[in-house]
Every structure is written in structure tokens, then in C-alpha cells.
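**Student:** Using the sequences and the hints, build the whole thing.
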Amino acid sequence: MLELDGLTVGYRTRDGVVPAVRGVDLTLARGEKLGVAGESGSGKSTLALALLRLLPPSATVTGRVLLDGEDVLEMGWGRLRAVRWAGASIIFQGAMHSLNPVQTIGDQITEPILRHQKVGRDAADARVRELLGQVGMLPDRARSYPHELSGGQRQRVMIAMALACEPDLVIADEPTTALDVMVQAQILTLIDDLVASRGISLLMISHDLSVLSDVCDRLAVMYAGRVVEVGPAGEVFRQARHPYGAALASAFPTVGDPASRMRPQGLPGDPPDPQALPTGCAFHPRCPVRLDHCDDVDPVLWPAGLDGAGHEAACVRVLPDDGRSLAATVAHAAPTSAVEATR
Amino acid sequence: MTELPPSDAVPHLDEVRDRGDAPRGTGGAAVALADRRGRDDDRLRRNAAYLGKRLLGAAVSLVAVIFTSFFLFRIIPGDPVRVMTHGRPVTIEQKEALAREFGLDKPMLEQFVSYLLGVLRFDFGESFQYNRPVLSMVGERLGPTLLLVGASLAVSAALGLWLGVQGAWKHGSTADRVNTGVALTLWSVPSFWLGLILIVVFASGLGWFPTSGMKTPGVTGFDMVLDVAHHMVLPLVTLVAVVYAQYLLVMRSSLLDEMGSDYLTTARAKGLRDTEVKRQHALPNALLPTTTLVFINIGFVLFGAVLVETVFSWPGLGKLFYEGLSVPDLPLVQGLFVIFSAAVILMNLVSDLIYPLIDPRVRP
Amino acid sequence: ETKDEKTLTIAVSQEVDSLSPFLAVRRITTALGRLSYDFLTNYDPKTGKTIPALAESWTTSEDGLTWTYKIRDTKWTDGQPITAEDARWTFDTMMKDEAAATANGNFVENFESVSAPDPRTLEVKLKAPQATMLALDVPILPKHKWEGVGDYSKFNNDQEFPIVGSGPWVISAYEVNQSITLTPNKDFWRGAPKFDKLVFRYIDDSDAQVEALKAGEVDFVSGLTPAQAKALESADNITVNKAKGKRFQAITLNPGAKLQDGTAFGDGNKALQDPVVREALVRTIDREAIYKTAYGGFGEANGGYIPSRYKDYHWEPEGDAVIGFDTAKAGELLEGAGWVKGSDGIRAKGGTKLSFRFNVHADNPQYVQAAEMMREWAKEAGIDLKVEPVSEVGALLDAGTYDILTTGWSVNPDPDYILGINRCSGLPAKVGGPYLSDAYYCNPEYDKLYAAQLAELDQPKRAEIVKQMQEQLYKDNVFVVWGYADQLEAFRSDTIASMQPQPDPGGNYDSQDGYWSWWSATPVGEEDEAAGDSGGSSSGLMLGGGAVALAALAAGVVFLRRRGATAADDRE
Amino acid sequence: MLSARDLHVTFPGRRGGGSARAVDGVNLDVAPGEIVALVGESGCGKTTLARTLLGLQKPTSGTVSYRGTPLSYGSKALKAYRREAQLVLQDPSGSLNPRHTVYEAVAEGLRIHGEVADERERVADALSRAGMRPPERFFLRYPHELSGGQRQRVVIAGALVLDPTLLVADEPVASLDASVRGEILALMLRLREELDLAALVVTHDLGLAWNIADRVAVMYLGRIIETGPVEKILTAPEHPYTQALLSVLPEGGEPVVLSGEPPDPSRVPGGCRFHVRCQSLASGAAEAAGVADLCRTKDLPVLDGRGTQAACHLAQARLLATSGEGGHVQHQR
Amino acid sequence: MTSAASTANASPRQLTWARRRRAVGTFWSSYRQNRAGLFGLAVLAVFVLSALLVPWIVGEEALSVTRPPGEPLQPPSGEFWLGTDRSGRSVLDLILWGSRVSLTVGFAATFISIALGSLIGILAGHFSGWMSGLLLRITDWFLVMPTLVLAVALAAVLGRSLSTIVIAIGVTSWPTTARLVRAQTLAVEARPYIERARALGGGHWHVMTRHVLPNVMPIVLAQTTLMVAGAILTESTVAFLGLGDPTTPSWGSTIQAARDTGAVSSGMWWYILPPGIAIALVALAFTLCGRAIEAVLNPRLRSR
Ligand SMILES: Nc1ncnc2c1ncn2[C@@H]1O[C@H](COP(=O)(O)OP(=O)(O)OP(=O)(O)O)[C@@H](O)[C@H]1O
Ligand SMILES: Nc1ncnc2c1ncn2[C@@H]1O[C@H](COP(=O)(O)OP(=O)(O)OP(=O)(O)O)[C@@H](O)[C@H]1O
Ligand SMILES: [Mg+2]
Ligand SMILES: [Mg+2]
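Chains as they are written, first to last, in this note's numbering: chain A, 1 to 343; chain B, 344 to 707; chain C, 708 to 1279; chain D, 1280 to 1612; chain E, 1613 to 1916.
Since the hints were made in silico from the structure, they are not lab data.
Honestly, I wouldn't trust all of these hints.
In silico DSBU-like links for lysine-lysine, alpha-carbon gap of 35 Å or less [stated by the list, open to error]: (1) C:LYS1137 <-> B:LYS449; (2) C:LYS803 <-> B:LYS449; (3) C:LYS832 <-> C:LYS850; (4) C:LYS965 <-> B:LYS449; (5) A:LYS118 <-> B:LYS621.
**Tutor:** Shown next as C-alpha cells:
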């Protein structure tokens, strides 16, 4: 369905190129739900936008984005326009701003339908009412303007819009951030139902691991533009092999769990500056379990599954022998397949 | 400059009126259904309140203007009676008779009251110089002014908006830079000066256009339309040249402000063409400040056209005012001032009222 | 419109105030009145003497209180006959209706009654003898058209075209602020005009007027600047007319504004009451330089009060009498009178500084330019002039709140009026009251001379007295004439073959007394037909010997009227 | 130490709409050294309550008292009060003037109160206590040169520099990602230890309350509907709303997703203000307990802000049924 | 950024100064990248310099109408690069001298307008209730007042002079600034950091001077540059309508003198063109600087 192959995105700025995504390989099977988590600024949204070539002109994208075997990055404009929304649609991070403030939501949902499907205005309107109903809104709401809706409602409109052309892939970028728990729960349930009933593939981005582990089949954790851990959702959440993944997971208190009572978990240190990444493993300055040679070796994803299946992490500690033997060689030798030298 | 409309997108150009936040939704779906009727009533009431508030504000401003018009021009020294008699040797009695006729002998307050009552009946009195009702004099000249100024407004707004949109969409391009540069240069040129140069070059020099006036005397029918159009070219070009930059810059900057907006990414993600994204999504959002600007300018251009009208001997309103000032032809200047100001206030009001039609966020 | 229709287009910059002759006071509208209505009498284009018009002849009673005019048998432009009743009605209405008296009321102020005993006879009875009776510049209106008008103050005569009149031209269209179109009165008794159409086209801007002339959009432009005149002289198909000016340009120095009873008012600088200071100030004026620079050489520097165009009465200082440009001498004079320079270079005596406000007509560029020059010259002599442009000097004059003002008058062939304004009786009786004076000049010696010239019937002797008066005026340095600027006009010589100037030769076409220039204008290509009579010849024939004396008397008062109609433009 | 009595804050409705009762009768006490968490969904009035407690918003009725004295709104008195009580606003990025350096932002409070002596030392101290060490490194930085967590810490340092006795923190970590937020919460706990600071932490996140609070108050539509010690409220809540909130947490078991959104504070429903969305009423539990009518018609009294209480007819009925006495649930009028 | 070591011992005052220096430095370095802005600045510098130095470059005697250096209305020549005026003075010298008046009017009128506008704008935006209502009404009232009308009225009362024009322009143009500033003030006042300042105990004065003022400065600056151009244009317009002081050489009065002379229809391009071009050039230069400053100070424009 979706296959990312060495996706790299850099933003050109006045102070040089900001490497936002640094070589991401991911696959997503039909009907599968993949969660992407990670720290703020780790490149999640950039990744999502790159999938449909929606990045600003200042971004340079390399690598391959195969959608049903076709490389999005090489498509002609016409083909790309056809794929957009009909093949894959996006629910953007801020629903507030992702809707045109001066158009009714009905018009906005109708727009892709009229464009991608050969239906008349009336049929499109009927479809809009149906979609609104599906996301739990009154069909009458089609005549409302975005500002007349609450954040949760706008988010639902975005979902309805994303489903309008019955795409194969839905990309949801933080669909619930900034919503309170109750609304968040409503929306997650909704997405879950819709995706399940239509066999749509879902790529969901969030910084909230607990939410992702709930909704998704598989989970990817990003740090500084790289995927540092990927695997079955529950496993990544509960038994992360990468120290960053582990730290993220443990930062979520469990209500009623005496372990987290009066004991908030943090991750000391500052988020990495993408333009001045530390040498070696980008996470090593904050890593609680760093090894001496972590500032030398930059590990790539490596099978880390306890029971083998599909769990990978990019940490020297998952390597046999903590990667120590490799570290000794990389200081002098060419990069191996498993480890790249940064200098 | 002008007051620009409320929109979060243009904080720097914007006069944020006492608007507070955008009104929130009126509650959950269930509530909405139950309250359907109530909401319509509510909206009606709120519309009325909004309208009422704007009308009241405009009325207050108008009253202030009427007061001002009466007293402002009375500080200009000069004896209207003397001017009316044109320095002829007239007897004291004749002078007094004239003063009586124009009510200038009465106490100020009484004059003011009768003036006020007149204004309320749209009676601005009779011009000292022309022995004619101010209103009918205005009526005669309004047509040419509206024709010239209206046309220039339409052309400059269209031109400015179009170039502004192109510039913003391709900002930083050579075309953008050249366009903005040319517009700014013309904007910095005195209009009367430009007009004179145009006359020398295109009228008497190349002979392409008439030097001045609105039409050739005696021409009628369809020929007259062509003749007027022919006469209008140079004044129109002058007016347009010096003002279109304003529209261009406002349009450009408000569109630039919209350019980063997420809803444009949404539109692209939906598979729209670039021009469709521009025209159907970006433009309607960026149009708001410019619309207000246009409307406010409609009010202002009546004042502003005096220079071009003078240079091209266009038989419009502008000159009347400044000639009346030196007399001072009190009824005339008072009347014109009130009418001009009322136009500004009215256009402000209209833009206030039109605004919600363009931007649902401003809806009461 | 036919192709070969000949149109004469005149550029004008003044707007129409009213087309009702009862109300019209502007130059443009009084001229229109002249063109479209006949008056009882007219002026000879060559000599300016009174000649018959609507009145074929006239007589006056012994006591000079009853005037009888014989009305010409001719027609209104709508075919109705013109009768004495029309004239009676016109005067009578002006006497009875305040509004109808607005423009020309001063002519009838002294009328006892007007009657029309028969259709050809008009009889006017006066309260006291009145000299303007042969210069009643009042358009006679068609009673049958005007009777029904209710309120003359509101009636502008601009609803129905063509306007019924009796002059050589008929106003047939008027577009506010754009143009006035006149067509010839084919039946005009003196002969029809030769152009098929006369258009006054409103062009506000003087440059635009000239451009329009060059482009052939208009055929006649007046009020050219020297630079424009020079540039047009070399233009194709354009003739520039430099008429000797009938205006003088001057300044008046406030000698201390006084009422007739001698009460001083205003706040003029006291130093100007000192003749020495005035003389010194006058000596700082280089008249030649003013006319050379500000007027581009189109004018004549001359200190005489009556322009040189009127040879009979013109006087100018000669030899030692000349108070000429000499800043050094000015300094000496002041030094001798005890005015010494302060640290700022300005002379002062006893706390009074030679620092004067100099109010200049802002709308007259030549005045402004000359004022700037005068400021520099005065400075050399230790006098400080503060040039303050104003839009209107009348208010300052009324209140006496000025030191130096620019001024200028059009002078008529008979100098009586212009001499009269400087009499002591020309001072106001009360502050702001009506007065003739333009300078608060009052010199009993001058008044005596004035009375003498009035009584002198022998023209050369009278001229001698008039010259003495001018000399007196010149010596007193209150009314300081710079000279006379030429009247600069230009017309398209490919449209107009010939026109009657006034006076002839060397006269002007614009603002004539009478309708001569536009009436006589001959289109190019029709010169031969235009061998018509110019009316001047018949005048002598008509005038009886007694009438000549009366006319001379009348002429003096003519100028009172002149002022009435044109003072707004004359007085600056 | 800080107590609110029967606090109401009403915002006039905009352009003819009904007025919004953002805070609609709140009693609340914060004792010295106590951390109270105020939880509730978006728009229920948490921020408004916090602002009112600091005197930034005048209550429509009711009083706020600090150390037993009612707040007075004269500018002198407010200034004195604000010398001791500090507010940390919801949005750290917005709370810092982009044109002020870190030093200026932290020193602002000192300057306002004229405590310029050893200003530099105090600023440095506050910054390092907030975890920005060495403080000098950050003195000249502008907010945009800081990470989100650092900004939040600057805001907190600005509040701490005056050595407050009371801290009202509105969503101090809502905009931060998981790793940063734990760090800040730890700081708060430390400060409580070090300074005996009393704090009211406003949030819509129950996990946060569990992390650091002694006591929790649950707010719904302008009222506190349940309050008590964290261990009690977050493990055995009485109020259906609190139950619902807890149920949607990932480990909360079968989630009870409330339908609709919180009603508009300009249209507070009659009866129990929660009844429109109440799952216990919908499921018939209330009916079974015989309080369904009460739920729909009878408004509940304002909780007094102390002890463990729930403003719920059903909870009351249950309590009466089990113990036969009023217990913690208040009987009203 | 100054290193931690060097700032460690600095006093807050020094730190503040260091920060300001740094701010100026960064401002200039971003300004420098705006080519149009640099061009505008260079043009302005030339004009300002020549205005300041003109008494030494040209000398006052060049303005004499009685002892002019040349014949009136001569076309450009080696001696008079831009020909001579109606009195025989060099047009180039007039332009140079005129720059003093025009620039003075530009700056002085702008100062009045900006000072009044900022003050009233901030007050109207900061306070709510009757105070702001009153100020807004006053602003509206002045907004409909046309500059030229006021100039006429003032000229009648105060006499025709430079100060009259300055006052007329200043008094009629502040409402625009006031409205912009008020809008910005409202926007700034809605920011949480204002609330924070108040929560810290800061009063009106503190909020207005420490928070609002610095934040409205960019817009005031941009407005200033536009205003200067506007004021110069207005001065020439006033002169065109014959309401100015024709005896002082300014660009406006030179154009007016050229028109009075009939220069346009007499083909004396050297008389009418240069003052107009000078006005346009300065106005353009100011506008360019204004836009450059706006672009530098406005992060939105900067990021593009
Ligand atoms: N237009 C841009 N120009 C330059 N840098 C950018 C741009 N957009 C994003 N970045 C940078 O790229 C990096 C990745 O940004 P991205 O928005 O993908 O992060 P994210 O993982 O989605 O974070 P969040 O959780 O906060 O949404 C960040 O360091 C960001 O500062
Ligand atoms: N200044 C105001 N004018 C009118 N209504 C207001 C104002 N401030 C808040 N409200 C309304 O009062 C209610 C409570 O708002 P408040 O900001 O206190 O909620 P909150 O609990 O802090 O929400 P969140 O979790 O989203 O921050 C909301 O409905 C809001 O719309
Ligand atoms: Mg993101
Ligand atoms: Mg809040």
C-alpha cells in the first residue's frame, strides 16, 4: 500500500538547511493502522506532508514514496492531483486553520467530491449529509461556517472531508491534540470505527503514545528526523527497546498506579537542535543508559523483537554485544550495513 | 489611510473593532436542533442590534460633522457680503439688506439652528456666489465627478487587485518586484504634475486625446458617449496611476498573510489546481481588507479628485469646494463638506454592513 | 451640424454665476449680457465714445431731470417687436425689486420714475441730475418673457434655450461648468456676426488653455503669461496680440488709515506716515527690473497713474522729479531722518522698526515675484518687508490692518473715476463702511485740483490739471504705480481672419466695452464679404452738438458704472 | 489560605446573545503547602476561575479571600496581593513578550514591586531553581531562542522570583510533550518541599492530578461537582461525570464516551447541570435509584470546597441508602 | 550571542545595552539584505545631506531674485544644468534649497502626526469604556476632516507659512496612525503576556510603556516612513492649490511657480520636471525604506 524508502526532507532556511526528516523507511499494508509518535519537532508533520507532496517550496525531498507501487515524488501534476484526496487524504493537525473560514463546511466537503467523482451537485450534497451523519453531526450543519463549530466538531468535519472520496489511505496528523479527554475519546472511537468498517489504511501521528497504542496496530517512534523504534503497538508502548521510546512511554502516568503517584517522570535535557545534532546517536546526550561509544556510532533500525516479529529499534543496546565491537571498527573503518559513522 | 477590516489574518493593517473573539458555536448538535427556531430569532435580533449599533455610530459622526461644518468655516476671515457685492460701491443699507437676506445678521446660535433645521430637510441653503440652491449645484456636478472618480476607482481597484494577487502568489519574482516598484513610483508622484505631463505629451504633443474638458460642446447621442470616453482617458489614467498602488499593496500583503494558511494546503491536498486554490480559497479570504479600502476610498475620492479635475478642467465637484472657501461661500462649503463627510461616513457604514457578507466570521 | 460650420471657440476660466442679467456680475456673464442683449447705448470701438444702440437718439430736459430716448424699431430674437415698454419694465423692475437690482441697481438708484408714453419713446425722470444716463449699461430684457418670473433672486434664466434677447448673439446652450454656446442673431440690426457659432469653453488651467489653443480645440485665449506669449509667437497658425495694458500695477502704502472725520483706525506701521520713509521705500523699487523679469519684458515701467495708452491724460515724471531706483540714496535719506540700522540690519528709530507687512495677492504670480524682488531691494536699504501672500486684500483694507498692499486698476479713457477714488471724500465714514479709497489717501491740494478738472470743459486744459494731480500723487508716495503690463492674448490665425480691436489700433479683443471683437470676427475664407460697416462712422452723425457736451459729462460717470460691472476683477 | 466563596463570573453575551455563566457558584479552599488540582473539560471555566482568584477578573458575585481578608480591587491592594500570589498562564509561549529577554521577563516582577536590590542574584537564583542552569547562559536569550520547556520554566521562574506563597498554574504542561512535562511537574513538587508553596493547578488532564496533587476538584460547566483527596476521587469517584472522565483514560476500562459536547455556559440546563449528558441517567441507574426526576428538575447546591463531596443526586441517594446518613454528601436547604 | 563568560560579570544595565547593540546589529544586517531598502536609504542620505550642506554648497545668494546668476527661463546649459527659473535662478539650486523645506515639512508633520497618533492610539486601545469611545469618536471626526480644508482654515487664521502647513498635515493625518496603533494595541493587549504583567502587579503605565509601546513600534515606524512621503506630497498639493507660501523655495512652490509661469505650455520642461521628480524620488525612497523596515520587523514578511 504505502512504502517509504529513504525519505529525506530538508528545509532551506536563511541559516542553512534544516534536516527535518533524515532517511525514513516505513511500510504500511492495506487496512493497517500505523501510529507515529515522537517529540515535538522530530519531523512527524513533515513526513505526513511529504507523502502527498504538500511541502512548501523551501523543502527538498529525496527518497521514494510508493503509493500502490507508484512513486508520488515522480508523478506528473495531473496524476498527483488525481491521487490527492481520492487516493490518500489528510486530516491536518489544526482543524481550526485547515478549514477555509469563509466557506461553509458543506461547500468544502463537496469540493473534492465534485472534483474527483463524476456526480452532480445534488448527489454531492446528499453525500455530504451522509458523511456528516457518519461523523455524528447533524446534516444541517453543512450550512455552518467553521467558526460556528467547536474544535471537536471541526475535527469531525475534517474527518468527514477526508472520507469524502473514499480513499485508500488516510493520514491523520495529531487529530486529537488540544482537545480535551472527552472529545479526544469521541474522535478516536469515530476514527477507529470508520477505518475498521471500510478497510482503509491509517497513518496516525500523535505525541501521545497511549492513544496510539490504543488505536494502532503498529507504532513508530521518531526522534530527530529518524524512526528510532517501530513495532507492534502494545509492545512498543510497554516494552520499548529504544531508551527514548521507553522514556516517552514511562512519562505517561497511570491514574491509580501508585508508582506514578507524586512521581512525575521527565526526560532531562533539551530536544535536539536539528541543525546541530550531536555526533553519533542523536539521542545520546539525553540517554539515561548511554554507553561510552554512543557519541561515535549512529545506529540504524535493527531487529529488536523479544519474540522476533517486526519490532525494530535503532539503539546500540539492541545490537549484539551492545555494538561495542562495531564501535571499535567504525572509528577507523567504513560504515557497515548496520551502523553508519557520522564523521 | 483607511480603516481596514477585522480579520486575524491582517493584524498589522487591521483595525480590530470591538469584536472580541469570533463568536463560538451555539452548542452541541442536539441543542442546535432544538433551538433551531430560537437561533433564527436570535440571529435576527443580533443582526438588528449590529445594524443599530453601526447606524448609531454613523449618526453620531454625522452630527459631529454637521456641527463642525457650521463652525469650521466661520473661522475663515472674510466678509461674504463684501464678496457678494464684488467690491461695488454699495450703501450700508444694501449691505445690511444682503446680510439680512442670507441671515448673517442673526445671532450665531439662531443661524446655527436654522442651518441645522435646513440640513435635516436636505436644504443646505443658497450659494452666496451663484444664487442657487447648493443641492442643485451639487447635483449638476455630481455626475461628472462620479463618472470620473467611479471609473478610476473601478479601474484602479481592478488593476491593483489583479497585480496584487499576481505579486503575492509569485512573490519575490521579477514581475512582482517590477510591478510593485512601478506602482510605488507612480504612487509617489504628485497627481497634478503627472496630469500636466500627460497633457503635454499625449494631448498637445501627440494629439491622441483632447487636452481638457469632459466633452466637445454640441456633440450628442452615441457620439457623445465616445466623445466623453475620449476626454476621460487622460484624467482617468492620471487618477488610476497615482492610486492603484494602494490596492496593489494591500491586496498583496493580505494575500501574503493568507499564503501560509493551512486551509490552502487542505485545498491543494484535495487535488485543486494552483489557480483554483488561488481563486477559490486564497482570494476570498484576502479580499476583505481590500474591499473595505475600496469602500472607504469611494467616500474619500470626492475630496481627492480636485487636483485632477482642475488640471483637466473636468466639470466635477472638487473645484467648487476650494473656490467656495476663499469667499467664503458659507452655504456652499458647508453643504459640500457635509455631503463629502456624509459620503465617507456612509461608505464606512456600507463597508461595515457588507463585511459580514464577505466574511462570515464578522457576522453578528 | 454641417461640415463647413464656422465655430469660434473662446477659452474662459471663470464660471457662470448667473445668466440672469439682473444677477450676473462676473466678467464672463456681463460679457454674455453684452453679446445677447442690446443696451440703450454702446461705445465706439475706436474711440470709446458713446454711440447709439437700442436708443436711436435721446434728449434731455433743461434741468437735466427728464431723459427721453427714442427706441429703435427692431425685434427680439423670437420675432416680437422691441418696444419702449420693454425698457420701461426692465428699469422699473430694478427699481422696485431688490433682487432685480442686484447687479445694476446703482444705475437706477436715482430714478424717480420710468414711463413709456408710446412704443418708441422711453422717458426717465430723475431725482437729481445723473451723468450716467448715456452709459446705462443695463441689458434691456423682453418683458413678455420675464414678466412671469416670480422671484428674481432665484431665477437664473438657464432653463429655456435659446434665450430670447436682442444682441448680435443668442445664447442657445449652456452646460454648467463646461461650455456656453451662442448662435448668431441673423436679424441683428447692426448686421449679423460672421461666425456660425460662438462657444465659450471652460478650461480652468492656464496651461491647459494654451495646450488647447495649440491643439486647435479653442481659437482664442487671453491672460497669457509672458512665457506663454513668447512660446506662442513661434507657433504655427497662432497670432499673439500684445495690447498695451489699460491696467496699472501698484502698491499702496498705508499712510495711516483714517475715517472722514479724521479718526485713525487699523494697525498700520506708523513709520509709513513719515514721507521720508515712504520716499526711501519707493526708491528701493526697480520698476524696470520688475517689468523685465516678472513680466518678461511685456510691459512698461512707469510711475504715472494713468497708463500711457491714454496719451491725452498720461503723465510721467521727468528729470529730477523722478523718484528712481537708488538703494544707496534711500539709505542716505533714512540715515538723515534718524533711522539707523540695528544689529539685524534693519533700521529703526525710537522703537519703531522699518519692518513692514507686505500683503500680496497670492493668485497673481507676477505680484508675488515682484514682491520677492522688492523685499531684496528694501533689505539693502535697511528696510524689512515681510511678504505675506493673501487670497484677498479687501478685508485687510476694510480694517486698515496692513502696511503695504499690492493693487491694480483698469483705467478707462476718461480718468475721472480713477482720479476720484483718491479724494478725501473717498475715505470711509465709519469703519467697514462703504468707501472708494484704495489707499486712505487724503490731500486737500489734490481735492482742489480734482474739483478744478471737473469744472474745466476745455480738454487740453483739463488734461493739464489731470497731469498735475498725477504729479501730486506721485510725490506723496502713497499710491505707488510700477507700470503697465501688456494684455497678452492669442488666437488661431487659421480660424480668425480678422477682429475689431478696442481701441483701434493696438487694442485688445478680450474684455472690450461692447461686443465688437466677437461680433466682427471674420472666419478665414470669408474675409472679402466682411467689408461691413463698423458702426463707428454713424456715431458722429447721430450726435447733436448739445449731446456732445452731455456725453462728456456722462463719460465721467460712465466709469462709476464701469467699476460696478468689473471692479471685482479690476480691484486686486 | 486562599478561599473562594460562592464565586460567580458572568460574561455579557456578545451582540445580543445570552450571557455566559463561566463560573457559576464555586467554593474552593487551598491550604498552605497544599497542591490542589482543578480538572474539567475544555470551556468549563477553569481559566476564568483561576483569573478570578488572582483578581484579574472581577467576580460578578461572591468573594475571594486571601489569608482571611477579602480581596479588594483597588490598584494598591491588588499590587500587594500579587506580590504574594503568582499566576502561571496557560500558554507559556504567549506569556513571554517576544521583545523581552529572559532576564527582563524574570526581573519584571521585581521591577514592578521596586525590589531592585540584588536583582541580578535573585533572577539567577529563580532561574536555576526552575532548572535553567547556569542561569547566565539564558539571560540574554529571547523567547524564540528557547525550547517550549525552557519557556515554561522561564514563566515559572518569573513567578518564583518574588518568593510567592501561592501559585496558581493554569495548564502548566498542556502544550508540552510528554518528556518535558514530567520534568516540570517534578519541579513543582520540589518547590512545595522547599518553599511550602500552596498551589492550584488547573488542567483537563487527570493523569497530571494523579502525578502531583493532594486534592482534586472536578469542575463542570462553571461549578465544582466533585472534590476530595486525589486517591479517593481518582479511584472511586462518586459523580458520573468524573467516572466518565476516568473511563476514557486508556487504562480506565470500558470507556464511557459522553455524547455531545459540554453545553454552552450561556445556556445552563435546569436541574442537575450534567443531566443532559449523564450516563447514569441515560442507563436508567438514576431511575432505579428513584432520583431521575430530581436530576432533571432539581439544581444541586454549591459544594463548600472542603472534604470529599459530590454534587449528584444519585450519589446522594446511594449514600443515604448504604449508610442512612448524610455522610460527605451534603444535604441541602 | 555573547558568550556566557563575558556576560557573567556584566551589570543588568550593561546587559541591556549589549542587547540593544545586538538588536541594532541584527536589524541592520537584515535590512542590508533588502536591496530596495538600501537604495531608498541611499537616496535619502543624498537628499538629507544636500539639504544640510546646501548653504555651503550653493549659498544663499543663489536664491536672490534681484541679482540672479542667469537670465530668466534659460534652458539647461553647462552653467545651469537644469536651466533657470522665471527670475533667472538656477533650477538645480532651487531644488537643493527646496529640499530643506520639503524635508522639514515631511519630518515635522510626520512627527506631530506620529506622536499624536501613537499616544491616542495606545490610550484608546489600552483603556476601554468611555475613554476609548471618546477618543475613537474624536479620531473619526478628524478622519473625515480633509487636510486641504484644514490647511485653508488654518492658513486663514495663522497666515500662510510653513508651520501652518505642518500643523494642518500633522493634525489631519494622525487619525490613520491612531487607528493602526489602536488596532495593534488591541492585538497586543490580547496577548497572554499582558495578563502576566498584570498578574505580576504591573499597572497601566507599566503595561503601556513596557509591553504595548515596544510592540507597536514597528507599525509606527512603517507608518512614519509612509507619512513623510505623504506630507511632502501634501505640501506640494497645498502649494498647487495656491494655498502655500510662494516666497519660500520648496519643491511644491517651485512647481507652482513653474505653472504660474506657464512653463508647461511653453515647453520649459527643465522647470516643471525636476521638482516633481525630486518629490517622487524622496517619496519613493521613504516608501522603500518603510517597506524594508516593515519587512525586517515583521517576522511574517521576514520569513519569506
Ligand atoms: N517551513 C519550514 N522551514 C524550516 N524548518 C521547518 C519548516 N517546517 C518545519 N520545520 C522544522 O522541521 C522540523 C520538523 O518539523 P515538523 O513540523 O515535521 O515536526 P513535528 O514532528 O510534526 O512536531 P510537532 O509534534 O510539534 O507537530 C522542526 O525542527 C521544524 O522546526
Ligand atoms: N472574556 C470572556 N467573555 C465572554 N465569555 C468568556 C470570556 N472568557 C471565557 N468565556 C467563556 O467562559 C467559558 C469558560 O472559559 P474558560 O476559559 O474559563 O474555560 P477553560 O475551562 O479554561 O477551558 P480550556 O480548557 O479550553 O482552557 C467558556 O465558554 C468561554 O467561552
Ligand atoms: Mg506536527
Ligand atoms: Mg483554560
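**Student:** Under the constraints set out in the numbered hints, which ones does this structure not fulfil?
**Tutor:** none
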